[in-house]
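Fit chain B to the known structure of chain A by using the hints.
Quick mapping for you: the protein sequence lines, in order, are chains A and B.
Residue 108 is where the first sequence starts when you use the numbering used here, and the numbers rise one by one after that.
Residue 108 is where the second sequence starts when you use the numbering used here, and the numbers rise one by one after that.
No lab work stands behind these hints, which were simulated from the structure alone.
Repeated chains share a single entry, so a pair holds when one copy, or any two copies, can fit it.
Dumping the calculated DSSO-like pairs for lysine-lysine here, alpha-carbon to alpha-carbon at most 30 Å:
#1 119 with 270
#2 110 with 149
#3 119 with 150
#4 306 with 317
#5 149 with 316
#6 269 with 119
#7 270 with 122
#8 193 with 269
#9 177 with 304
There are 2 protein chains.
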Amino acid sequence: MLKVINSIQEWKQIKARQLINQTIGFVPTMGNLHVGHLSLCKKSASENDVTVMSIYVNPTQFNDRNDLQKYPRTLEMDLTLLRETKFVDYCLILTDEEVYADDYVYQVSELYLSQMMEGIFRPGHFTGMLTVVLKLLLGVAPNRAYFGEKDYQQYRLIDGMKKAFFLDCDIIACPTVREESGLPFSSRNNRLSVEEKQKANVFSSIFLKKYQSCEEILQQLQQENIGVDYCQEIEGRRFIAVRIGDIRLLDNYPLEV
Amino acid sequence: MLKVINSIQEWKQIKARQLINQTIGFVPTMGNLHVGHLSLCKKSASENDVTVMSIYVNPTQFNDRNDLQKYPRTLEMDLTLLRETKFVDYCLILTDEEVYADDYVYQVSELYLSQMMEGIFRPGHFTGMLTVVLKLLLGVAPNRAYFGEKDYQQYRLIDGMKKAFFLDCDIIACPTVREESGLPFSSRNNRLSVEEKQKANVFSSIFLKKYQSCEEILQQLQQENIGVDYCQEIEGRRFIAVRIGDIRLLDNYPLEV
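Isolated chain A (complex conformation) (with noise of 0.2 Å):
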């Protein structure tokens, strides 16, 4: 049965009392749960012997802070889905209060993948982001964390963040779960109009056309009225960013060989 824990110092007192010699699976999510999340979670729970799923927005991972103020928040749906899908057993809601009890005056920063692509576009967001995970992992230290590999370029960081600090959990990244679209699964999404959301199908018909160059695909994007923030290849990966009204949505691919 779901147990909903309400801080990190509950849930160390359950992991040092209760959980002792049990594998921790860890799934941290800002909420407004979507099947993306849920494949993250049935992963963990085939992999570890207890799944724990973080909720909490994080306030100083968005640079807009209207996008912050949209941020869907469905506290009620998310923990009825967690009930009825079994993968998780303990939901942590976490308060600003705790995580940033030190006012955010400790950071932790990359200097080099963070500053492309999303980093560039977003800045400040990677450290908030990399912040909060660390204060995550080490707050719940679990054996496994799950990302999903639609943000692949933060998955990366948190893995690079892993082996700077010598953390002993492992970072695993799952493939992006997809609408029949092909657009990926994002809270985001939510905030589409229907017209928006058309344009969303539009653009993921024509970014998943993975035998045409980031050009072609530019070209394609342009006549579709859809704004492109970056479309790049970096080590064996394309990725992109489009504007759609003022939501952002991200996609990337490993490129065949």
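Same frame as chain A, but now just chain B:
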């Protein structure tokens, strides 16, 4: 008997295989050991089953390249001292290649306390220090870690980092150990000429007159031609940094109430 270990990987294996359920005390150092270090080791040995010391001259915390090059490296003497005093069970000698496999692209910084006093005179110093200490605390994973009050600003920053990142390790401050003149033991004392050492002793005799104000102390140091970077009081404690030749010396003490 002292065991010398040459990597965090090796330490992690020993810890997992041979030290299960033992409490571990940790004393991170840059070598050139003196009685100040030994007091930390003695305290650790009295409070833990096993004591680990690391010896690593961390390049990223030296803002002054000259200071890094001249930092005394006395590994054979250090190991002899550890063998004779018997407080330390494991000595972990680290390399730049392992500690900075990430090329120092991941950094931990603090934005408030680190901007005062030493932070003003040594740009980048505290970021390098916090980064390496977090690597060591996570790599060694001790129950307790010991730091000298001589570097009180450093201790406070590390203790804040522990809280901000939910580290399980206790951060323990140990009293400053002083030479007969009152001068705190420091590896940098070994770089003072005979004349400079006399001046350092005069510095201590002036600073340790606690009943005087900072201004009175400054005046007397000026008369002795001793350059002062700062002398100030924060949260009931008085801090000072002076320059003698090209050596900087620090000290601090709590003010009587």
